[in-house]
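A.B. asks: The whole structure should be built from the sequences, with the hints applied where relevant.
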Amino acid sequence: MLTLSGRVIWTGKTTAQRQILSLSTNRTLAAPLRGGKAFLAKGSGPVPAGFAHYLAFNSRPADLKEETQCTLLGDEFAYLDDGDVIALSGDGRVRSLYRASSNHNSLLLTEQCNNYCLMCSQPPKRVDDSWLLEEAKETVRHIPRETRNLGITGGEPTLYGDGFIGLLRHIKNWLPHTSLHILSNGRTFADPQFAAKYAAIGHPDIMVGIPVYSADPSRHDYVVQAKGAFDETIRGILNLKRLNQKVEIRVVLHKQTCEGLPELAEYIARNLLFVDHVALMALEMTGFTRANLDALWIDPIEYKSELSKAVKILRSYGLKTSVYNHPLCLVNRDVEPSYVRSISDWKNKYATECGPCVRKADCGGFFSSGIQHGYSKSIQPFLA
Amino acid sequence: MTLRLELDPAIYRLEAVQKAAYRFIDRLTILISQSGDKLVCEIDPVKAESTALDDTVANFKRELLDQQLRLQIKEETEPARNLILAYAFSRTGLQG
Amino acid sequence: MSKFQPLESYLDSSGKYHLLPFRFEPLNDEEVVLTNAVGEFTFLSRTRLDDLVAHRLKPTDDDYISLRSRHFIREAGDEASLELLALKTRTKFNKLSNFTNLHLFVVSLRCDHSCQYCQVSRQSEDKGAFDMTRETADKALELVFRSPNSAIKIEFQGGEPLLNFDLIRYIVEKAERRGFAEGRDLEFVITTTLALATDEILEYCRDHRIYLSSSLDGPEDLHNKNRPRPGRDSHARFVAGLQRARDIVGYDSVSALMTTSPASLNRVRDIIDEYVKHGLSGIFLRHLSPYGFALKTKSFQAYNAERWLQFYKEGLDYILELNKAGLPFTEYYSSLILTKMLTSDDPGFVDLMNPAGAGIAAVVFNYDGDVYASDESRMLREMGDTTFRLGNVHTNTYEQIFTNDALLNALEDSFTGSAPMCSDCAFEPWCGAEPVFHHAMYGDVLGRKPESEFCKRMMGVTKHLLDLMRRDTEAKEIFMRWVNRC
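If you read the sequences in order, they're chains X, H and B. At position 193 of the first sequence the residue is numbered 193 (the numbering used here), and the sequence of numbers has no breaks. Residues are numbered in the numbering used here as their position in the second sequence, beginning at 1, plus a constant of 1000. Residues are numbered in the numbering used here as their position in the third sequence, beginning at 1, plus a constant of 2000.
Quick caveat, the hints were computed from the structure, so don't treat them as lab data. A few of these clues could be false.
Said to hold, decoys possible - Below, in silico cross-link-like pairs of lysine-lysine (BS3-like), each with a Cα-Cα straight-line distance of 27 Å or less: (1) B:Lys2324 <-> X:Lys309; (2) B:Lys2095 <-> B:Lys2153; (3) B:Lys2092 <-> X:Lys246; (4) H:Lys1074 <-> B:Lys2092.
Every value quoted in this text rests on a predicted model; they were computed, and no experiment measured them.
C.D. replies: What follows is the structure, given as structure tokens:
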């Protein structure tokens, strides 16, 4: 599991206020470009002059001039590389905002949310973190233009209202060829005017991923801990679809959602047949999940027939369906056409039972949070 | 011998009785009149088949109910029916 | 961190719920099936139904949860269910305004077969008397392109249409030019026995993407008994034609329809086996049409809804067996009804539509230029009944034909939503108005549904499908695949 945020090795020299830096490891980078980037000293070789800032691991490079600003990082940040974007704060904190080698970059816009899901992996905080929106805007200016995908997450990103719309326009302007995937509870889109503003952006490749946890409004409201959430979410989806916007429905599978999964699949097939994708995902042992373990935890092997039924229904109706984040040995074979090897690379690991397994290459593995905090007792390596 | 059927006009409207009588015009001759507050049907067979007559008259009584219901339901459902038929013809250019 | 609320906090505490529009029908003494405003269904025991209507159901009941998510009840604040019902209703009726899609051209009454149940064909060499002329075809095409539908299907019928193949060529090419200019989506079909399909004809079909709809009544003995021709080789010719059509036009370019006769009733498995043997992807288990043969010989009685339902159930059971054993094979009649039960789509099948498909979905141009509201209407004419003749292409305009009282009255009077019994029937969203059938059988377009063979048949089939879906999950899964074939 990668360390995405931490502290620099304090050098005693005060650094500037919070800044966002685009990293380069290119010793022969064209001179005019160096002023806008930070040089990351990796491997051996002379340190090129002319960069706005310098970063090095553990100790200051010998050939760096005395007065040149340099931040020192520990080995936990050795993954940083060319094209990455980081934030350095005035008080010594460093955060990785974008990694060029990853396919799963996301911009966190806020930790505020109007839902309060039992299994939230990014527990809401009631603090004014609107500076994150500004930071996102600045980060976008540093992200390489050839980036294929970018996620927008939170909390609930749409809480910014017009600010959210503004950011999307900004991203469309700076990264016109980047595919956008927004995670949202969809409730703000129940306001037809907001949905219209969103559609008016006219982004060529954008999708909203919206969780629907049950066909039973009360059960959904319980899972997200907000009365009336289901109704708003569905109306939000309808508004988006009326405006021809791409929508993905996401379902996290746990004790509160697995029993009703086939019924939910039928509900989607009868009412929301026009959605672009349905994503069925395993539970992450992080955030609020551990606080609600009794209500949530169920060994995935116990719901594998509900999962099979649901996938069968969705596929029969021609809905594009994907099953994410489940170890391959915990699902029935009939689910495999929809199975995706999917855990974000920075969260992925395997268990010791997996040693002899011959199908590791097909398997999504585990969340490292799962390895740490508990996972299925039914893991069985494929031996043939 | 002419069979006489007395009907309560609160239950069977004249139009329904006429339509039912018409459906049986090949088998029954039915003279409809009013007597006091009742509708009266005087029924004779077209051909003298006394054995089948009971069946035919029983059938006629059922037809009365059918026609009465048709009238009621047709009226009640007129708006919805017109809406759907209008929608069906909406792009033909045939609407006035 | 705020506290998490239990499930109970999200349940309605007032105990009040509202009924959304629904109807019900008993399945047996204990159970009923409910259908909502758009034809979605759910099963309930009679006692629960009473509880439901008396507002005694509790939010913790399984039935309550299911009824709410399937749009049979709603709570105050459930706005999405209303929006969804409206959306589904619009989807259901969506294709109505496209108006006429299917245009049948009877290009000749002449035929080389003399099938027992056919009422139209003529054994004759006299082309002048029984073939459609170019002038008639021209006029008919004018009317075809008056349809607002962007998808136009032209189906050549007869007799044996291949006996007037020159005219088919003429019509296809003229229609293609016009269709292309207007940006319409054209589809051509020839209904033919294939007995007279030469390589040249098949190549033309290949080049113009014409589908072939043929007849296969069952194994050789049954098929030839039903469909005599000189040489007694109808079946053999079909098989040979099928192979050649697949070789030249394409495997999926040929389909087959069966006609059910009294002789078929005991042979359903044999008939299905015959279809499987020839690699056909499904079968349409048809009822016997009451026109011609049946009415003439009065053997329709021997062949009532009850007997046919036995035939159908046996056939469907066998087909499900085949599917479960791994052979994808569809029963098309069931598929039509199932499409309405399991999706918000309308399959657009002329005989199972409300408002009736006559005129709105299909129209027939007879060889002599007469225009009929449906294929059955044309057959009625052969028996002397011209009730549904809407006009003639040479003497009447599009307006006169499509606003002919014969058509409009039939559409209005047979409307199922206005019919006694139909308007209360739980299965009405899945059924259709059949004005021509009821007129032929009972003398008026509506009939008395309790006495109607059509109604008996439909109710029998529907209850059987519901029963299957209720007790056999695999059957339901198979049905879902049938109806969602894109």
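A.B. asks: If a hint holds in the structure, say so; if it does not, say that too.
C.D. replies: Hint-by-hint comparison with the structure:
This hinted pair checks out: B:Lys2324 and X:Lys309 have alpha carbons roughly 16 Å apart, not beyond 27 Å. A distance of roughly 15 Å separates the Cα atoms of B:Lys2095 and B:Lys2153; the hinted pair therefore holds under the 27 Å criterion. Our distance criterion of 27 Å between C-alpha atoms is met by B:Lys2092 and X:Lys246, whose separation comes to about 23 Å. A hinted pair counts as satisfied when its Cα atoms are at most 27 Å apart, and H:Lys1074 with B:Lys2092 qualifies at roughly 22 Å.
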